[in-house]
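Chemist: Here's the letter readout for the chains.
Protein chains: 4
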Amino acid sequence: MLYFLSDYTEGCHPKVLEALTETNLISQPGYGEDLWCRRAADKIRALCGTEEDVYFLTGGTQANLVVISSLLRRHEAVVAAETGHINVHEAGAIEYTGHKVIALPSHEGKLDAGELDAYMAAFYADATHEHMPFPGMVYISHPTELGTLYSKAELTALYEVCRRRELPLFLDGARLGYGLMSPASDLTIRDVAALTDVFYIGGTKVGALCGEAVVFRRGVTPRGFVTMTKQQGAMLAKGRLLGLQFDALFTDDLYWRISREAVELAMALKAAFVKKGYPLYADSPTNQQFVILTKEQKERLEKDAAFNVWAPLPDGRFAVRFVTSWATRPEDIEALRALL
Amino acid sequence: MLYFLSDYTEGCHPKVLEALTETNLISQPGYGEDLWCRRAADKIRALCGTEEDVYFLTGGTQANLVVISSLLRRHEAVVAAETGHINVHEAGAIEYTGHKVIALPSHEGKLDAGELDAYMAAFYADATHEHMPFPGMVYISHPTELGTLYSKAELTALYEVCRRRELPLFLDGARLGYGLMSPASDLTIRDVAALTDVFYIGGTKVGALCGEAVVFRRGVTPRGFVTMTKQQGAMLAKGRLLGLQFDALFTDDLYWRISREAVELAMALKAAFVKKGYPLYADSPTNQQFVILTKEQKERLEKDAAFNVWAPLPDGRFAVRFVTSWATRPEDIEALRALL
Amino acid sequence: MLYFLSDYTEGCHPKVLEALTETNLISQPGYGEDLWCRRAADKIRALCGTEEDVYFLTGGTQANLVVISSLLRRHEAVVAAETGHINVHEAGAIEYTGHKVIALPSHEGKLDAGELDAYMAAFYADATHEHMPFPGMVYISHPTELGTLYSKAELTALYEVCRRRELPLFLDGARLGYGLMSPASDLTIRDVAALTDVFYIGGTKVGALCGEAVVFRRGVTPRGFVTMTKQQGAMLAKGRLLGLQFDALFTDDLYWRISREAVELAMALKAAFVKKGYPLYADSPTNQQFVILTKEQKERLEKDAAFNVWAPLPDGRFAVRFVTSWATRPEDIEALRALL
Amino acid sequence: MLYFLSDYTEGCHPKVLEALTETNLISQPGYGEDLWCRRAADKIRALCGTEEDVYFLTGGTQANLVVISSLLRRHEAVVAAETGHINVHEAGAIEYTGHKVIALPSHEGKLDAGELDAYMAAFYADATHEHMPFPGMVYISHPTELGTLYSKAELTALYEVCRRRELPLFLDGARLGYGLMSPASDLTIRDVAALTDVFYIGGTKVGALCGEAVVFRRGVTPRGFVTMTKQQGAMLAKGRLLGLQFDALFTDDLYWRISREAVELAMALKAAFVKKGYPLYADSPTNQQFVILTKEQKERLEKDAAFNVWAPLPDGRFAVRFVTSWATRPEDIEALRALL
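Sequences listed follow chains D, P, F and E, in order. Going letter by letter, the first sequence gives residues 78 to 417 in our numbering. Going letter by letter, the second sequence gives residues 78 to 417 in our numbering. Going letter by letter, the third sequence gives residues 78 to 417 in our numbering. Going letter by letter, the fourth sequence gives residues 78 to 417 in our numbering.
Warning: the hint list may mix true and false statements.
Unchecked claim - Within a straight-line C-alpha distance of at most 25 Å, the following computed DSS-like cross-link-like pairs (lysine-lysine) qualify:
no., chain 1, residue 1, chain 2, residue 2
1, D, Lys353, D, Lys380
2, D, Lys92, P, Lys353
3, P, Lys353, P, Lys380
4, E, Lys92, F, Lys92
5, D, Lys375, D, Lys352
To be verified - Now the stretches of chain E that chain F is said to cover, found in silico as 3 or more residues with beta-carbon under 8 Å:
no., region
6, 79 to 86
7, 104 to 116
8, 253 to 261
9, 279 to 290
10, 310 to 324
Calculated from the structure, these hints are not laboratory results. Glycine is no exception: its CB is placed at the ideal position from the N, C-alpha and C atoms.
Chain D on its own, in the form it takes in the complex (with noise of 0.2 Å):
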């Protein structure tokens, strides 16, 4: 069986493995007080240029949810795109830390800044707005659910509306190696770390057995947000295995290595879909893939190759999504090209 189904099926990088098993038995402080911890943050700190608070945490939604209700105030919302990831596949998970989450258009699963703006102008205006949850933050993901990019400029004009209207912009960057390293990328991790005021770097789905680190402005960080962690359960007794694995992940650029390999590898995986003729229901630069199938084509792949249904189309057929990652070979794309 073809693995497409996506980008967390496997273990981790081998690195990764290396490294747990190198200092497995080394002694060190539980609670992210370990010297790996300190290791990588420091990594991150340099390759981000400056002086920015790193936390780690074991997962996506967990990320989400504790940075989101660590720096909004109680009558606060978050804005998102309508198919922002907290709005519909976190099961509710930030309401129930007590906060709306306020759902503009999404264009290719992007948040448009002009759009913002005017959405901010329209709240103000609006003689009820005490009466309202107050926007009090924007939550971004790069690349989108869609696979899809935010340009520098997009980025730059998301961020200066952000600034303007005092919201801070938060980047959920589950899969932000597959971004920057996309051949359609002009951000760097820098201007990441610029052009938001906190965003993680996704480790789970990029080559570690879990993890995101989390990266706030200096000065953004909540007052208490260790605390806020261990409240929400989101603090690892064993917090070196997420130190371990970033600092590995960024040893000899491997985080980076493991993203642009597999990015190319879904480029040949669209191209080869492309030349057979089938529809894309998003052109994605990442390393999530998204195509038409017929319900034929649909049940024939199915025999060979795992991959996810993304969405019934109204027409009968389906929009599906191949993933690649580290542990997709040039010779898994090859079988599949012989099977479309």
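Assemble the complex: chain D is given as a structure, and chains P, F and E must be docked to it using the hints.
Modeler: Below, chains P, F and E without anything else, positioned relative to chain D:
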């Protein structure tokens, strides 16, 4: 440096690492739907001798808050001993989910069945009880935070009150192995399964990198439990990480061997202190040992051994904690003995 | 100044004040255990023709959040029309209790039974639905925020879907009297009781100083409801204040007379606008009227009349709202007509 | 039947009813933007002698939960005496907003400044304090639940600790008038305003139908406070109901006269019991009196008088509570005396 700081200061038992390594490249679906989660759950059900529902979560605080907040009705509170972890060291995690912790007296870390019954009687006898949070479940830890154990008679008495009062009984087994393998224990895991409504088998502190196995009596599992774990950020994308570790821990009795050996070393450690005339702060039959040190003794020992200051005592001395685990070697105990 | 700003801009109907005055010195227990709460509940049960559970709360937002948060399970969300009060103008009150509002399209303020059914079918057909908040109940308002009404056929169809899908149906009747007394209505209060699981009869906007009567179908009332109202600060010490007012409102059909007369005046008001050629923003058959004014018309009218700007329109005009109540006199309508 | 059950068992003081009656037909905007809310706030500011922010809420539990949950940061808890209303009789209202109540020892209902200081010192000295909820504010009641009073020296000492420890001090004044008008009090309302960060002046129990006036030291008022009250269902549409009552209560010193007279009657009531040799359960200088009755005395008195059983005592006797208010007449005390 001799490391007795905690049972979560190294990586994982080599057998667990081996399991992660061997399976690393095998593709399996995410979110706990992999074969190892199923296999580990089957092994746990077999151990318990009944048809239980088994779920894997990453850590102790998370297990406590997810279980308690999913079992309680909105107007209910959880009853715990004053010294209970949820009442002291979990950053208000239970209250953050909207529920009060009702603290009853602690008897070396344990709840007394008679006192619980009297509390319940007084609650319902109070004409204003509708103005108070209703006791809705009971939380105990075994071993307790002081390393002590419920006897089978004590647990039976407590569970009898719980059943009569319609209070689900939840046992926090973050260190369950050390409890059941203690020579002082007259309880088996089947007893634990039979005398509680839900409990968890701690992995993090018994040889895993992370992970707790929550075991619900069939019928007690709250509707929507999986969605609620997602809602609280407690669902790992690579759920296999948890399933694999428990599968390894319950292969060839590894979990029990780890536990038994650590308790044996803890007994040797306690004997060493007692022989040298050090008073005990609590007489624990499990892998956590509590000793009283003078300021001088503490400062001298700290040069060569890492341990935990539990509480400053009114007379200027200190209650300190020494913990053993799978990573403790007999020669560590010898070396410590030489320092006393 | 002619006052059409809202139906809560004066005190209470003189008959209600009379009841408060006459009973002022009579001693009765607090917290809703007084004789008037019982009497008002009995009258409401008689009106509904069934054995309902009746509770009195102080206001509309409070009634909405108390009912919704006590009925939903933790992982569930409430379904409402996009324009529903709980989705727009209640400051995120529902989300603050931990639950998402799932917004479906609004048809002049109303939910469509077919769309609800389709939404439910799609939800359960989605393989990832355990990663989404479960639709757990349905909220509608009657009259809606636009003054419109469900017909008996529409409400019957909606309730049929709700029953089939096991979704309790909650009707926000903050202005229920105006709905049921509208000449356009084919619903009675018995229909409302028969075609919902819980609803409330609004007092604040129909002649009381404050107060909403929540009516639960027997068996639907959540266990612990009284304690939960206390927990949310929604229990008045002098509960009599609410019971007395509803007792008065349901004496000699006062509630219905207030409603009918206000609707008659609203119809006269609408007719006056229409006759002068003003376009309607919505064609409401109840006590709220929505008219479109040019900037000049608005500014001229504002000199002599108080009304509400509902929404600025894209073409520079304004949707405005005029509301009648027990305090509106026929001569007020005459005076307004003279201004048009 | 002689009614001493509570101070909320009748309607409102006739002067308050008069104010409601006289203004009933005057049109004013809703949501607390009416002229009486402004006027009452002005009077309260004048009383306090400073520029405070004043808000009106409907009841005591509501005032407590709205103030505490809006002032605390997410990881913070409120410190209260064990006997504090929020810790005992508010149905877990504070925990429902996500915050723990940290209970310190009660000294006849009061917190001790020295113990608070010691608690704070120990908290920050604990190396694991980041794993515990942070003490974020202090709650006291005055009079306490036992009718007792802080002296000026005690309140000054407590406030000094609070300032030094950066803990806002919140005084629950549900019965404030009875405290300040007690012959045992050496505090004025200006002292209360000067020695707290936020307090409320109870209306419900001092002559109003409902209503508490929350007074925030300017600068302490949380950003978004109005929206948060709406979010918790604590904003009345007819806010005038609250403003009008406080305007009446602070006209011609009505609030103080009601309070003084009720305390005088309470002193006469206490004297009657003492003279007849009944032991006191607590020696209260305010309008709540706590007496100890044997079972026989209790049963005999219950035939002619309504009072409250506070607590069964271990020896079979009962602590009972008698409460006076504006509705108590001197002849009621005489009649009670005759029964003893």
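Chemist: Next, verify each hint and record whether it holds.
Modeler: Comparing the hints with the structure gives:
1. Lys353(D) with Lys380(D): holds, 19 Å
2. Lys92(D) with Lys353(P): With Cα atoms ~47 Å apart, Lys92(D) and Lys353(P) exceed 25 Å; violated.
3. Lys353(P) with Lys380(P): holds, 19 Å
4. Lys92(E) with Lys92(F): OK: Lys92(E) and Lys92(F) at ~19 Å, within 25 Å.
5. Lys375(D) with Lys352(D): With a Cα-Cα distance of about 17 Å, the restraint between Lys375(D) and Lys352(D) holds, given a limit of 25 Å.
6. 79 to 86: holds (count 5)
7. 104 to 116: holds (count 4)
8. 253 to 261: violated (count 0)
9. 279 to 290: holds (count 4)
10. 310 to 324: holds (count 8)
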